[in-house]
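Given the coordinates of chain A, assemble chain B onto it according to the supplied hints.
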Amino acid sequence: MTKTAHTNADGAAVRLTGLRKSFGPVQAVAGVDLHIAPGEVVALLGPNGAGKSTTVDMLLGLSNPDAGDVRIFGHGPRKAIGDGLVGAMLQDAALLDDATVAESVALVAALHRKPMPVAEALAAAGVTDLAARRCSKLSGGQKQRVRFAMALVADPDLLVLDEPTVAMDVETRRDFWQTMHKTRRTVLFATHYLDEAEQFADRVVLMREGRVIADGSVADIRAHVTGRRLTAVVDAPDTARLAALPGVTDVEVRGNAITLNCADSDLAVRALLTADATARDIEITAMSLEDAFLALTTEGATR
Amino acid sequence: MNAQYLLLECRRIMRSGRFLIFSMVMPAVLFVLLVGMYGGNNSTYEDGSSVAAAMMVSMGAFGAMSAALSTGARVAVERGSGWQRQLRLTPMSPASYLYTKLIVAMLVAIPSIALVSILGATVEGVTLSAGGWLMATAGLWLGAIPFAALGLLIGLSIPADSLPSVMGLSSMVLGMLGGMWIPAQIAPDWLSAIMKATPSYWFTQLGQSALYDNKNLLTAIAVLAAYTVAAGLLSARRFVTSAQRA
Chain A
1 MTKTAHTNAD
11 GAAVRLTGLR
21 KSFGPVQAVA
31 GVDLHIAPGE
41 VVALLGPNGA
51 GKSTTVDMLL
61 GLSNPDAGDV
71 RIFGHGPRKA
81 IGDGLVGAML
91 QDAALLDDAT
101 VAESVALVAA
111 LHRKPMPVAE
121 ALAAAGVTDL
131 AARRCSKLSG
141 GQKQRVRFAM
151 ALVADPDLLV
161 LDEPTVAMDV
171 ETRRDFWQTM
181 HKTRRTVLFA
191 THYLDEAEQF
201 ADRVVLMREG
211 RVIADGSVAD
221 IRAHVTGRRL
231 TAVVDAPDTA
241 RLAALPGVTD
251 VEVRGNAITL
261 NCADSDLAVR
271 ALLTADATAR
281 DIEITAMSLE
291 DAFLALTTEG
301 ATR
Chain B
304 MNAQYLLLEC
314 RRIMRSGRFL
324 IFSMVMPAVL
334 FVLLVGMYGG
344 NNSTYEDGSS
354 VAAAMMVSMG
364 AFGAMSAALS
374 TGARVAVERG
384 SGWQRQLRLT
394 PMSPASYLYT
404 KLIVAMLVAI
414 PSIALVSILG
424 ATVEGVTLSA
434 GGWLMATAGL
444 WLGAIPFAAL
454 GLLIGLSIPA
464 DSLPSVMGLS
474 SMVLGMLGGM
484 WIPAQIAPDW
494 LSAIMKATPS
504 YWFTQLGQSA
514 LYDNKNLLTA
524 IAVLAAYTVA
534 AGLLSARRFV
544 TSAQRA
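Chains as they are written, first to last, in our numbering: chain A, 1 to 303; chain B, 304 to 549.
Chain A extracted, bound-state conformation:
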């Protein structure tokens, strides 16, 4: 049951328009436009300093943009939070050391007008058995789950999660995402883990130097780096000769190991085997999201 009680006039859950923010001479966010439809799960990716956290802060009204506009279901961020439309989990938002898990979640519930039952939020975040524990006695991963319970208890239409699975072990991460998907809400999450974006997001938004540089499905983003990668071992590799092979766009040589980025790997592998009888251990793989990420975030950095 995707919640659709509130919508922008244009039907968007989130609409960021021309968002800009500078800190002194540093332009952290340099014009971000983003439109998220209700029910979408969107991953926000980018290297450190790309402007992800600043964008999230402005989305949540924790910092004011220098220019541009934030609309959440048609409202400004303060109003949307006041109406309980947004639940958020921030990296640097702490818990109260001297309060218990149940007290903390119950407090957030009490501050909202239409919360879900506290027990339900605790169960959904998998922290029911920690309810009576003081927050100072939690591990890093447990703290993250308590923060998730606090974001969830408002029963929000939009969840904003900044690095939600940091400090979680592999199993906890998987459980977390399973829970996430069961909630069926609009979700925007920032992450460093590409596999999370790949597995759990409907859509990936890639930021670099304060701008959105790519926006689309995982498949769309991958298509930015076309072709395949061919690795092999050859005796005495000659970079210039390898680069001249048909279908090859880029060559990397490390000792006897060669990596060829290929526009047409079929053509390239035939040419390689003909040209060099020593070629062996050949593997051809598709470019990963990580390759796309690296290609997109580093290209032009030297321009």
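Keep in mind that the hints are not guaranteed to be accurate.
Rough simulated footprint, nothing fancy, chain B against chain A, three-plus residues with beta-carbon under 8 Å [unchecked claim]:
(1) 85-92
(2) 95-106
(3) 109-121
Label-pair distances were calculated between CB atoms; the ranges are [stated by the list, open to error]:
(4) A:Asn-48 with B:Pro-462: 20 to 26 Å
(5) A:Thr-128 with B:Gly-385: 22 to 28 Å
(6) B:Ile-324 with A:Arg-211: 52 to 58 Å
(7) B:Leu-472 with A:Ala-167: 34 to 40 Å
(8) A:Arg-211 with B:Leu-472: 46 to 52 Å
(9) B:Arg-315 with A:Pro-117: 21 to 27 Å
Bear in mind the hints are in silico, worked out from the structure with no lab data behind them.
Beta carbons: idealized from backbone N, C-alpha and C, even for Gly.
Structure of chain B alone, referenced to chain A:
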């Protein structure tokens, strides 16, 4: 204002045993000790007024002031840890947050006044008129409001790790300059001019209205009210600007 938030804040204060005992027991112990040093229950100053009564309002005031000040300043910890950021993600208004903190600070100021007054009435044999007792208890308590607001302002202005030293220093300096330890009458002119600029001096004046007909009472109320308004406005501004930077 949210009742459940206030309740949780009260519970958290009750859990900080050391802090509570320190703010409650210290003024009471000092009171008994100082009266003993001045020669016990029935000793009087040269003008014939009771030492025990004067010490009772002084230490009651000191206790209430330090309790209100240091409880208010605890917001520094929540600012440093990011809890304030978490609260900004809820519909609670910044004003509710600050009011709740003020109320908690005022609640913590009650036990020290109560304990010192009970000791005064029983062990130290202090006798006051009904109006005098009202002033020595409820009057002193209300007079602690500006210190709760000042504590808040300090807590919003300094980093959490310098909290203990700043709090210790400011209650001591305010206590000294306020004439809670030594009577303002014996201070040289230049010092007494400085003393009259502090809120604690006027807080002491308020307390002394419990003992005799103090012509400074209205001035004291006016100065304390002015400090409350100033500290309140500055706190609100600090809270908003620190939110912007975060």
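For each hint, the structure was consulted:
Counting residues of the region 85-92 of chain A whose C-beta sits closer than 8 Å to any C-beta of chain B gives 5, which meets the bar of three, so the coverage hint holds. For the region 95-106 of chain A, the assignment as covered by chain B holds, since 7 residues bring a beta-carbon within under 8 Å of that chain's beta-carbons and 3 suffice. For the region 109-121 of chain A, the assignment as covered by chain B holds, since 4 residues bring a beta-carbon within under 8 Å of that chain's beta-carbons and 3 suffice. Between A:Asn-48 and B:Pro-462 the beta carbons are some 25 Å apart, a value that agrees with the proposed interval 20 to 26 Å.
Distance hint check for A:Thr-128 and B:Gly-385: the Cβ-Cβ separation is about 25 Å, which falls inside the suggested range of 22 to 28 Å. With their beta carbons about 56 Å apart, B:Ile-324 and A:Arg-211 fall inside the hinted range of 52 to 58 Å. The beta-carbon spacing between B:Leu-472 and A:Ala-167, approximately 38 Å, falls within the hinted interval of 34 to 40 Å. Checking the proposed 46 to 52 Å range against A:Arg-211 and B:Leu-472 shows it holds: the Cβ atoms sit about 49 Å from each other.
Here the CB-CB span from B:Arg-315 to A:Pro-117 is close to 24 Å, well matched to the stated 21 to 27 Å.
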